[in-house]
Amino acid sequence: MNELTHLPYYPIITLWVYLTALAFPSFAQTLTDLQPRQGHEVGAIPYDPALDSPDFKCCNGVVQQYYAVDGGYRGGRKRLIQLLKTHPLSGQTLTVAKNGYITVRFIVNRDGQTGRFRVLQVDGNYETTSFPQPFVADIVAFVEELDDWRPGQHQGNTYDYYQYLTFKLTDGKVVDLLP
Amino acid sequence: MEKWLIYCLSLSFLFGTCGQQTQQEAELLLDCELAERLYTEMGSQGSARSQHYLDSAIALCPTFAKGWREKGVPYLKRGDYATWMKHLNKAVELEPETYLDIRGWCKVKFLHDYEGGLADLQRYDTLIAGSPKMVGDFNIYTWMAFAKLGLQDSVAAMAYFDKTIDEAVAALGPEWVGNYDYLYRGILKLELKDYKGALADFDRQINHYEKLADGHYYKGLLLARLGKKEQANASLQRAKVLFNGEGYHAQDPYVEMPWQIYAEDISRALQ
Numbered sequence: 170m171n172e173l174t175h176l177p178y179y180p181i182i183t184l185w186v187y188l189t190a191l192a193f194p195s196f197a198q199t200l201t202d203l204q205p206r207q208g209h210e211v212g213a214i215p216y217d218p219a220l221d222s223p224d225f226k227c228c229n230g231v232v233q234q235y236y237a238v239d240g241g242y243r244g245g246r247k248r249l250i251q252l253l254k255t256h257p258l259s260g261q262t263l264t265v266a267k268n269g270y271i272t273v274r275f276i277v278n279r280d281g282q283t284g285r286f287r288v289l290q291v292d293g294n295y296e297t298t299s300f301p302q303p304f305v306a307d308i309v310a311f312v313e314e315l316d317d318w319r320p321g322q323h324q325g326n327t328y329d330y331y332q333y334l335t336f337k338l339t340d341g342k343v344v345d346l347l348p
Numbered sequence: 228m229e230k231w232l233i234y235c236l237s238l239s240f241l242f243g244t245c246g247q248q249t250q251q252e253a254e255l256l257l258d259c260e261l262a263e264r265l266y267t268e269m270g271s272q273g274s275a276r277s278q279h280y281l282d283s284a285i286a287l288c289p290t291f292a293k294g295w296r297e298k299g300v301p302y303l304k305r306g307d308y309a310t311w312m313k314h315l316n317k318a319v320e321l322e323p324e325t326y327l328d329i330r331g332w333c334k335v336k337f338l339h340d341y342e343g344g345l346a347d348l349q350r351y352d353t354l355i356a357g358s359p360k361m362v363g364d365f366n367i368y369t370w371m372a373f374a375k376l377g378l379q380d381s382v383a384a385m386a387y388f389d390k391t392i393d394e395a396v397a398a399l400g401p402e403w404v405g406n407y408d409y410l411y412r413g414i415l416k417l418e419l420k421d422y423k424g425a426l427a428d429f430d431r432q433i434n435h436y437e438k439l440a441d442g443h444y445y446k447g448l449l450l451a452r453l454g455k456k457e458q459a460n461a462s463l464q465r466a467k468v469l470f471n472g473e474g475y476h477a478q479d480p481y482v483e484m485p486w487q488i489y490a491e492d493i494s495r496a497l498q
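Those sequence lines, one after another, are chains Z and D.
Here the first sequence is numbered in my numbering, starting from 170 and rising by one per residue.
Here the second sequence is numbered in my numbering, starting from 228 and rising by one per residue.
Simulated from the structure, these hints should not be mistaken for lab results.
Be a bit skeptical, because a hint or two may be false.
[Said to hold, decoys possible] Restricting the straight-line Cα-Cα distance to at most 30 Å, the calculated cross-link-like pairs of lysine-lysine (BS3-like) are:
id : chain 1 : residue 1 : chain 2 : residue 2
1  : Z       : Lys226    : Z       : Lys342
2  : Z       : Lys247    : D       : Lys293
3  : D       : Lys420    : D       : Lys390
4  : Z       : Lys254    : Z       : Lys342
5  : Z       : Lys247    : D       : Lys423
6  : Z       : Lys254    : D       : Lys360
7  : D       : Lys438    : Z       : Lys247
8  : D       : Lys420    : Z       : Lys254
9  : D       : Lys420    : Z       : Lys267
[Unchecked claim] Footprint (simulated), chain D over chain Z, 3 or more residues, beta carbon under 8 Å:
id : segment
10 : 202-211
11 : 220-228
12 : 258-265
13 : 270-281
14 : 310-318
Keep in mind it's a predicted model, so treat the numbers as computed, not measured.
Where a beta carbon is used, it is the ideal one built from N, C-alpha and C, also for glycine.
Pulled out of the complex, with its shape left as it was, chain Z reads as follows:
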């Protein structure tokens, strides 16, 4: 960063980053993969003060995976698909008719609230790619607004758990929601 501040166009970059953050305030961090880092497991999402709200309570103990607990969205994928159908996202078509998957990975805490959003993007050949940022921001915003998650239950205990939603795109349009 010290080297960057000496550059003549540094103020322009700073202004661009600030305006981008204002324009797309809910843009989560894009990851290239879920490889273990710093001894964490595959797909762990440690707290990042630059991205995550300090008010989101979680992770005091083991954070389970969604498939290891009884949780998920009330009404399941079926209900999520219905919500998506009535959302402006379903009517959007990207100018580049691209296939692929945009995955938003996050945590559902013991109160059923969500946080720590991260994004992965692959094309139709399962290679890492990037979709237009405003579109990805809309996807993340859709996920952030979902408010009927069940806390994770297992053998009488309540857990925080990792969850993801994947938006499948065909020809630049969202056509499916997984898992």
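Using the hints, position chain D against chain Z.
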């Protein structure tokens, strides 16, 4: 004399080369045995330890297909498809007869990549003889049926559902028909308005696995559509009781299965 010398030197070279080859083979065998041991001791899936162990196993034994496959599994389950595919592709390249069906099944189940999954499953079907072929808890033809449904080809899907059932009956007997095979075929018949065929399949399903809520639920929907309200209500009430604890319902820990029902569906149908 010179001829004998050349002959002896050639033999020496030959045996020397063979000796080297044997040593290399022995080292590779030892490395692959070590890889197998690392695999056994890697710990819980997705942990940093397991990933390190699998990296080491693959480095020791690059043809260790099982290691390539296992390394990718947590990535699929947690939403990193690029990393998963990179590793499973390697496993398929090394042992297509072992991993092609898995790749096909996972593409259909997790990614709704119906074309890609179907292609893998069909290719696998030509590689391996015998029946039935099972993958991911279902007959391979059930996954092909799901793929065809995703591609909106109901006729082909029906043919695959038929094949699933017919194959089980022919190979092993009617008691070996899968727990959901009549259910899925019946639901497709319901959607195609073959009500007589659907009802027969739902009755077969209930006879085969009475405690599965789904069979009663879909039978209830069908009866309601046929105007038989009391019978419909009885079926739906039975579905509700089974769903809420006395029985089972079709579900999967990782994905929503085709035509999966929720408590809200049963409540709505009973209104």
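Here's how the hints hold up against the structure:
1. Using a Cα cut-off of 30 Å, the hinted pair Lys226/Z and Lys342/Z is violated, with the two alpha carbons roughly 34 Å apart.
2. In summary, the hint linking Lys247/Z to Lys293/D is not supported, as the alpha carbons are separated by about 35 Å, beyond the 30 Å threshold.
3. Of the supplied pair hints, the one linking Lys420/D and Lys390/D holds, its CA atoms being roughly 21 Å apart against a limit of 30 Å.
4. Taking the CA atoms of Lys254/Z and Lys342/Z, the gap is near 12 Å; set against the 30 Å cutoff, the hint holds.
5. Restraint check for Lys247/Z and Lys423/D: satisfied, since their Cα atoms lie roughly 27 Å apart, inside the 30 Å limit.
6. With a C-alpha separation of about 37 Å, the suggested pairing of Lys254/Z with Lys360/D is violated against the 30 Å cut-off.
7. Pair hint Lys438/D plus Lys247/Z holds up; C-alpha atoms about 23 Å apart against a cutoff of 30 Å.
8. Distance restraint check for Lys420/D and Lys254/Z: the Cα-Cα separation of roughly 26 Å lies within the 30 Å cut-off, and the hinted pair is therefore satisfied.
9. Straight-line distance between C-alpha atoms of Lys420/D and Lys267/Z comes to about 36 Å, which puts the hinted pair past the 30 Å bound.
10. Counting residues of the segment 202-211 of chain Z whose C-beta lies closer than 8 Å to any C-beta of chain D gives 8; at least three are required, and the coverage claim holds.
11. Here's how the segment 220-228 of chain Z fares: 0 of its residues keep a CB closer than 8 Å to some CB of chain D, so the rule of at least three is not met and the hint is violated.
12. Against chain D, the segment 258-265 of chain Z contributes 0 residues with a C-beta closer than 8 Å to a partner C-beta. That does not satisfy the three-residue criterion, and the hint is violated.
13. Counting residues of the segment 270-281 of chain Z whose beta carbon lies closer than 8 Å to any beta carbon of chain D gives 3, which meets the minimum of three for the stated coverage.
14. Under a criterion of three residues with beta carbons nearer than 8 Å to beta carbons of chain D, the stated coverage of the segment 310-318 of chain Z fails, only 0 such residues being counted.
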